[in-house]
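Enquirer: Chain by chain, the residues:
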Amino acid sequence: MSAPTAVLAARRQTRRAARSRSLRPWYRSGTLVAGLVIVGLLVLVAVLAPVIAPFDPVKQDLLNALQPPSGTHLLGTDKYGRDVLSRLIWGARVDLRVGFLAVLIPFVVGTVVGGVAGYAGGWLDTVLMRVVDVFFAFPFYVMVIVLVFVFGSGELSIYLAIAAVSWVSYAKIVRGEVLVAKEQDYVVAARLGGMSHARILVRHIGPNVLSQAIIYGMSDIVMDIMAIVTLGYLGLGIAPPTAEWGSMINDGQEFITTQWQQATVPGLVVVLTSLGLSWLGDGVSDLLSPERRK
Amino acid sequence: MLHRLRFIPGRLVQSVPVAFGVTLIVFFLAHLLPGNAALALLGERATEQSVAALTAQLGLDQPLWKQYLIFLQQLAQGNLGTSLTYQTPVTQLVLQAIPVTLSLLLYALVLALLISIPLAALAAFRPGGARDLGVRGFTLVGQGLPQFWVGIMLILLLGVSLRAFPVGGYGDDAAGHLYYLFLPALTLAIAMSPTIIRSLRSSMISVLGAEYVGTAKAKGAYGVQLFRGHVLRNAAIPTVSIVGVNLGYLVGGSLVIERVFALPGLGSLMINSIFTRDFPTIQGVTLFVALFVVVVGILTDVVYTALDPRVDLSRTARA
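Chains R and B are the protein sequences, given in the same order. Mapping to this note's numbering: the first sequence position 238 is 241, numbers consecutive. Mapping to this note's numbering: the second sequence position 35 is 158, numbers consecutive.
Since the hints were derived computationally from the structure, they do not count as laboratory data. Because the structure is a prediction, the values reported are computed rather than measured.
Some chain B residues close to chain R (C-beta under 10 Å, calculated; not the full set): (1) P269; (2) V379; (3) V416.
The beta-carbon is built from N, C-alpha and C at its ideal position, and this holds for glycine as well.
Start from the sequences and build out the full structure, keeping to the hints where you can.
Expert: Below you can see the structure in the form of structure tokens.
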């Protein structure tokens, strides 16, 4: 689900439940460790892909097309005779890279816009928030698909498309946090001390409001991986023959009756990835929550 | 009751700038196309004449502000341009596709509530218990499921292995629609339910702790009767706005799911237009979907007010 309010409400709920255990050191938190292990392993697989993948992920071998799983090809081969396991391993590189990199631009843009809007208030806030409302009206997938089309194919246009859609969530969250923070005593004190607005916003308010944006960012990585996988499935993502989980599912759907594992296994890997990232996000949310810092 | 709905005119006025912003963005999409838009759209089919003709058809030879005014003027008349592929008005294509997408969304919403309400109640009854952990596990995994993949898995399990449901097509009459749309609607319902369950569960837990529920229990209300009579309506209120906020996302998801099940709705229309580079149709669908989300936002506020007598948006709007 995309709505930042829903995500944060859920986070607050888990955090409340976690309050009793939040005094324990981080490595005693089950979800954080489980998330770290899963995500760590996936990153390791992605980094070591050239070493551990048994076959070339893009080399065609039409004589051995659509082989069932066997000792040589643990997950069989696809319609071009490419080893499914090797493509799965190499796909981790693409999907994880896009997922992690795609959050960066919207994180920065949204945080800056939200921070300025919340701190400045007045007409600037009104105008910026109307702009946010406008972008919010476009469903995530609709806008990403249209923008990828408009920007042209390629990884860069996927980053731009995701950025153009998802910065608004960060802006909404950070603005809300800044509105609360700017009434706090320490901000009033800094202002009375004659500090510039920029300094107050960056040095004093910034560190106190960023944690919510970071927590949302963790779940946004999952959203972005979903987006790249969906684009790949629709044939609008990373260009073939590059191995990517979404396009693998698309390739496998054709042979669902004879080779069910081809569409199933890449999907399971996506589920595992998002599960690991969600756990990691919950754990980070516990670490960053103010209750813990006290 | 009626005086609480006084906020509606103000809310409508508030959405006017947003609606204008939406049209502005959709309008500018054509100008984001790299280089000459007409050339970019025609690609290899481009000849000098066809580029000139399309430039004129899209109005790209006019100054920018004039283009936008023409765009708005056409829009006010319900004219979204002419499809480059089918040579028919885009409005007509969109209108043909709307019933499919809308019935898929509503069907999915009903199924999602049928899944979510019992599960949320099961979890809320004893928070931290085994059932609660099970339900929370479902919501956690459910959030990480790629929607189109769930669709493929349902096709594999219920369509191919059990042969219980058709895996494509739309059916001919009402019963046929219900039967044919079951798998796609279930797919979308599975995507919706984690958010609904989480919201319902937490509000049910807080409602269950309220004194009036204690009173109802003391008077002998129990089990399903307690939930239906005392808990559900109050717990449903926050969920309404959560569903409303997420509907935009779900519309996007339904477009992808239509593709999996080859349903002739807005999603298939848009994605086919992407592949045929039919820009007026892409613009038309995008515009329609975004305006739909704006309208749903207003409707959510109305339902929210109608459900909860304590909410008075006309008062907060004035404050």
